[in-house]
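Student: Using the sequences and the accompanying hints, generate a full structural model.
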Amino acid sequence: EDKVVQSPLSLVVHEGDTVTLNCSYEVTNFRSLLWYKQEKKAPTFLFMLTSSGIEKKSGRLSSILDKKELFSILNITATQTGDSAIYLCANTNTGNQFYFGTGTSLTVIP
Amino acid sequence: GAGVSQTPSNKVTEKGKYVELRCDPISGHTALYWYRQSLGQGPEFLIYFQGTGAADDSGLPNDRFFAVRPEGSVSTLKIQRTERGDSAVYLCASSFDPTSGVQYFGPGTRLTVL
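Taken in order, these protein sequences are the chains called H and A.
Residue 463 in our numbering is what sits at position 91 of the first sequence, and the numbering runs on without skipping anything.
Residue 99 in our numbering is what sits at position 94 of the second sequence, and the numbering runs on without skipping anything.
Don't take every hint at face value.
Straight-line distance between alpha carbons at most 27 Å, and here's what the computed BS3-like set of lysine-lysine pairs gives [unchecked claim]: (1) A:20 x H:440; (2) A:20 x A:83; (3) H:439 x H:409; (4) H:409 x H:440; (5) H:429 x H:439; (6) A:16 x H:409; (7) A:22 x H:413; (8) H:375 x H:428; (9) H:428 x H:439; (10) H:439 x H:375; (11) H:375 x H:429; (12) A:83 x A:22; (13) A:83 x H:413; (14) H:413 x H:429; (15) H:413 x A:20; (16) H:412 x H:428; (17) H:412 x A:16; (18) H:428 x H:440; (19) H:375 x H:412; (20) A:16 x H:413; (21) H:412 x H:429.
Hints listed in this document are in silico derivations from the structure and should not be mistaken for laboratory results.
Tutor: As structure tokens, this is what we get:
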């Protein structure tokens, strides 16, 4: 059964800290892995990863995929209070189905 | 440009009633997805439309749930004989190219069944 597991479930850090969020997956006919940020209702797209070992970077956020070990990490450096959100990991397969994890709830304290 | 919109933003209904939730995708996006998100959980896939047809409805929990997209744009998720367990946020997302893996989500409809 296709599934996505995220860890930790929740995390509390102080501003300026660096955090690493984890996502492991099992999916048949893997196409891509995606990261989203969900602050209120609508998740917003962060990254899409399809190839192993190639880091995607946007400002203080970066992500990498390991297709052999079936996991991805999302790093956030120099965290700010505005980074507080739920971070969702999702897989897609060649059938265009999306499987989301339960998310990691990040709280950044001033 | 306008993003994905959903109406209503909140819906409170009584057990046993019928509800319709509307999604207006980004113009030109051929793929449309419905998800259900319960508290503390990630979005749970319900149904995926490619154009007017339901390409995959394997996530619909039972036959009380039905969705349409008659003109390949706006979609309506319909829930009959609502139950308290249907209470959740219903999210809609659209994509220009589903093979790209990138979706744009609407703000969701919070459904509460009393």
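Student: If you test the structure against every hint from before, which numbers come out violated?
Tutor: Hint 1 alone not satisfied by this model.
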